[in-house]
Structures are given as structure tokens and as C-alpha cells.
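A.B. asks: If you're matching them up, the sequences are chains X and A in order. For the record, in the first sequence the residue sitting at position 88 is 88 according to the working numbering, with numbers rising by one throughout. If you want the working numbering, it's the 1-based position in the second sequence plus 113.
It should be emphasised that the hints constitute simulated quantities derived from the structure, not laboratory data. It cannot be assumed that every hint is accurate.
Said to hold, decoys possible - These stretches of chain X come out as covered by chain A in the derived footprint (C-beta under 8 Å, 3 or more residues):
hint: 1; stretch: 46-56
hint: 2; stretch: 101-112
As the list claims (entries may be wrong) - The following residues of chain X were derived to be distant from chain A, with all beta-carbon distances above 10 Å:
hint: 3; residue: S65
hint: 4; residue: L83
hint: 5; residue: A92
What the hints assert, rightly or not - Selected chain X positions facing chain A (in silico; Cβ < 8 Å):
hint: 6; residue: S33
hint: 7; residue: Q41
hint: 8; residue: G42
hint: 9; residue: P43
hint: 10; residue: L90
Glycine is no exception: its CB is placed at the ideal position from the N, C-alpha and C atoms.
Chain by chain, the residues:
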Amino acid sequence: ETGVTQSPTHLIKTRGQQVTLRCSSQSGHNTVSWYQQALGQGPQFIFQYYREEENGRGNFPPRFSGLQFPNYSSELNVNALELDDSALYLCASSPTGTNTEAFFGQGTRLTVV
Amino acid sequence: AQSVTQLGSHVSVSEGALVLLRCNYSSSVPPYLFWYVQYPNQGLQLLLKYTSAATLVKGINGFEAEFKKSETSFHLTKPSAHMSDAAEYFCAVSTNTGTASKLTFGTGTRLQVTL
Numbered sequence: 001e002t003g004v005t006q007s008p009t010h011l012i013k014t015r016g017q018q019v020t021l022r023c024s025s026q027s028g029h030n031t032v033s034w035y036q037q038a039l040g041q042g043p044q045f046i047f048q049y050y051r052e053e054e055n056g057r058g059n060f061p062p063r064f065s066g067l068q069f070p071n072y073s074s075e076l077n078v079n080a081l082e083l084d085d086s087a088l089y090l091c092a093s094s095p096t097g098t099n100t101e102a103f104f105g106q107g108t109r110l111t112v113v
Numbered sequence: 114a115q116s117v118t119q120l121g122s123h124v125s126v127s128e129g130a131l132v133l134l135r136c137n138y139s140s141s142v143p144p145y146l147f148w149y150v151q152y153p154n155q156g157l158q159l160l161l162k163y164t165s166a167a168t169l170v171k172g173i174n175g176f177e178a179e180f181k182k183s184e185t186s187f188h189l190t191k192p193s194a195h196m197s198d199a200a201e202y203f204c205a206v207s208t209n210t211g212t213a214s215k216l217t218f219g220t221g222t223r224l225q226v227t228l
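All chains should be modelled from the sequences, with the hints used to inform the complete structure.
C.D. replies: Structure follows, in C-alpha cells:
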């Protein structure tokens with residue numbers, strides 16, 4: 001059984017550019033959530049995908065968007081990057097149902113310069 | 114809205130000493146509570162979870178937490194600290210938004226273990 005994997009592990013982008021982060025969910029998990037963790041902070045919920053549809057969203061602007069594919073893997077896209085977007089982006093997968101535990105990947109460290 | 118508050122951004126203990134990391138929650142419904150650990154440059158690993166089955170929850174690596182409704186607390190403890198326990202610890206509450214569940218995290222407590 002493979003865990004949650006994210007790619008790339010590190011990324012440097014220039015302000016105004018666009019970025020795509022990828023996540024493969026744990027085997028058997030059909031729900032994927034994305035979190036942003038700024039330096040020294042707890043993770044903040046961006047959005048969740050279930051059955052290829054957005055299924056809940058946190059307080060993030062529309063330039064943060066995502067996709068989920070039939071194999072339950074997911075992408076996070078961020079347009080018009082800002083310096084404040086620099087953070088660790090965490091993907092978490094969970095099985096069907098509410099209040100189930102989430103399993104996290106190792107994260108993608110995004111630096112915007 | 115459900116939330117958690119972690120008291121103490123930094124906690125330092127000696128190896129072999131008791132570890133106590135504090136978490137208080139705010140919730141209008143019975144909460145689902147979690148403790149996660151994050152090692153440097155890593156993702157989050159689940160230590161334990163409370164889902165109303167038992168108030169004392171045992172987790173991995175010798176950690177446990179007790180749910181106290183009267184105190185709205187879910188403090189994390191370990192009887193004897195080990196150097197390998199040095200990490201960032203996050204308390205979280207699960208919030209349902211329709212068919213989705215999201216985790217709302219505290220700001221974290223950095224545990225330092227000294228010789």
C-alpha cells in the first residue's frame with residue numbers, strides 16, 4: 001500500500017507566474033484535500049475534492065484552483081503567484097465519509113521570488 | 114465555528130521527563146479531535162484521534178490524550194520524553210461542511226528535548 005506522494009518537493013517561481021502541484025492519493029482513498037502551511041503556522045484548508053468535484057473550499061481566492069482525476073490523484077494550480085504564496089503545500093487523502101482521518105504527503109515547498 | 118487553541122508555542126523538556134502539550138477546543142457539537150506531528154521538512158503524521166468512543170486515547174510512539182468535555186481540552190501527554198520526540202505538534206478539529214470534512218489546525222507547539 002503506497003502512501004500519499006507529492007511532486008515536486010521543492011519549487012521556485014517568479015511573482016506573476018503560474019504553478020501546478022501534484023498529488024497521488026493513498027490506495028483506496030477517494031477524497032483529496034489541499035492545505036497551505038506558511039512558515040511558523042498551522043496548515044490552512046484550501047479545498048477538497050471528492051469524485052472529481054470540488055467539495056468544500058476555504059478562504060482562498062479563485063486563482064487557487066484544483067482538479068481531481070478518475071484515479072483520485074489531484075492537482076493544485078495557483079495563478080498570478082504572489083510573494084505571500086510562498087509556503088509548504090500539503091496534500092491529504094482520506095477514505096469516504098466525514099470526520100475520517102487524513103493522511104498527508106510530505107508536501108511541496110513553494111518559494112515565490 | 115469549530116476551532117482549537119494550542120497553549121505554548123514552544124515547550125522544552127529534559128529527556129525522560131513528562132511531555133504535556135496543551136490543546137483546547139471550541140465546538141458547538143461533539144468534536145472529532147486529532148493530534149499530528151511534523152518533523153522538519155516533512156508532512157504531517159497522525160499521532161492519535163478522538164472520535165467519542167473513549168475519552169482516553171492512545172496513539173503511536175507512546176503518546177496519549179484525554180478528552181475532557183468539562184474543560185474543553187484534549188491535551189497530549191507522554192510519560193517519558195525521548196530525543197526523537199523533538200518536532201512540531203499540531204492539534205486539529207474536524208469540521209463538516211456538507212459532505213466534506215476539513216481539518217482546522219492550531220498554531221502548533223514546538224517540542225524541544227534536551228539531555
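A.B. asks: Hint by hint, say whether it matches the structure.
C.D. replies: Against the structure, the hints come out as follows:
no.	hint	verdict
1	46-56	holds (count 4)
2	101-112	holds (count 8)
3	S65	holds, 17 Å
4	L83	holds, 21 Å
5	A92	violated, 8 Å
6	S33	holds, 7 Å
7	Q41	holds, 6 Å
8	G42	holds, 3 Å
9	P43	holds, 5 Å
10	L90	holds, 6 Å
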